[in-house]
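Student: Sequence:
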Amino acid sequence: IGSSLSVVAMQIAWQQSRKRRKVQTEAPGQDPDLPFALVADLEYEVQEEEARSLSTLVGQLEDVATTCRRMNTEACDLAESGRFAEALNRWQQCVDLSYSPLCAGINDSWRGEVYEQKAQVLLEMHHDFDAVRDGKKAVELAPTWGTAWLTFGRALVGFGELVDASRALEKAKECGCDEAEEDLAMIRGLLERTEDLAQNGKLVAVNDRAVNMHDAFWKTALPVVYDETGVGKVAENSQSSSK
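Residue numbers (this note's numbering): 1 to 243.
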């Protein structure tokens with residue numbers, strides 16, 4: 001009998017507890033089957049979720065910038081070990097990621113440094129046109145950085161644009177890069193030598209560049225213009241004049 005009474009007492013207590021919880025959660029006129037019993041509870045949970053989302057977003061902003069810097073370091077290590085293609089690929093991924101709206105703390109000057117490093121590696125690979133392209137991007141993003149102008153000038157030398165290279169190296173000197181003076185002296189020597197050879201008939205200017213004249217072909221060579229991808233074609237005015 002005693003055990004039966006205790007069971008009944010427990011059932012009554014459990015039912016009363018259920019009734020109390022029901023009274024506390026239900027609002028007048030509200031459907032008790034809704035997942036949220038009170039509008040205030042719903043508003044509180046929405047605010048809490050928004051706060052968590054904002055915190056998560058701030059964490060992502062920091063993480064993306066850190067990832068960019070890590071990828072840049074990895075690319076430098078790859079380049080130093082001679083794995084140029086992998087380094088270029090990693091740098092490109094790094095630059096692309098840096099333009100993400102989730103990336104905070106990365107500015108154009110930092111991107112300019114990445115493009116300057118890419119240009120150096122492309123020079124090592126003798127990809128002169130690509131080196132000029134990335135060197136130009138570097139000076140556009142970091143116009144007051146002398147090292148960017150120095151690398152751009154060297155890329156122009158490799159591409160055969162001595163006059164433009166001289167201008168870029170002069171700009172490097174203006175930005176405080178003393179190393180450019182040695183390169184400038186070399187370019188002045190090349191320009192003087194080119195002028196002497198041209199006067200002696202050993203060189204001919206084609207596309208504003210000095211070219212060895214081995215036969216009469218160069219006398220009739222038509223100027224070629226290059227598009228932004230490096231593809232060359234005969235200038236239209238030259239075609240019409242040749243006719």
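Note that these hints are calculated values from the structure, not bench results. Just to be clear, a hint being listed does not mean it is correct.
Below, a list of computed lysine to aspartate or glutamate pairs in the DMTMM-like style, where the Cα atoms sit at most 25 Å apart [unchecked claim]:
#1 Lys137 with Glu113
#2 Lys137 with Asp164
#3 Lys173 with Asp227
#4 Lys136 with Glu124
#5 Lys137 with Glu174
#6 Lys136 with Glu174
#7 Lys173 with Glu86
#8 Lys173 with Glu192
#9 Lys137 with Glu179
#10 Lys136 with Asp63
#11 Lys137 with Glu181
#12 Lys137 with Glu228
#13 Lys136 with Asp108
#14 Lys173 with Glu161
#15 Lys137 with Glu192
#16 Lys136 with Glu86
#17 Lys136 with Asp96
#18 Lys171 with Glu182
#19 Lys137 with Asp108
#20 Lys173 with Asp96
#21 Lys136 with Asp178
#22 Lys136 with Glu161
#23 Lys136 with Glu113
Student: Output the indices of the hints that this structure fails to meet, ascending.
Tutor: 3, 7, 10, 15 and 20
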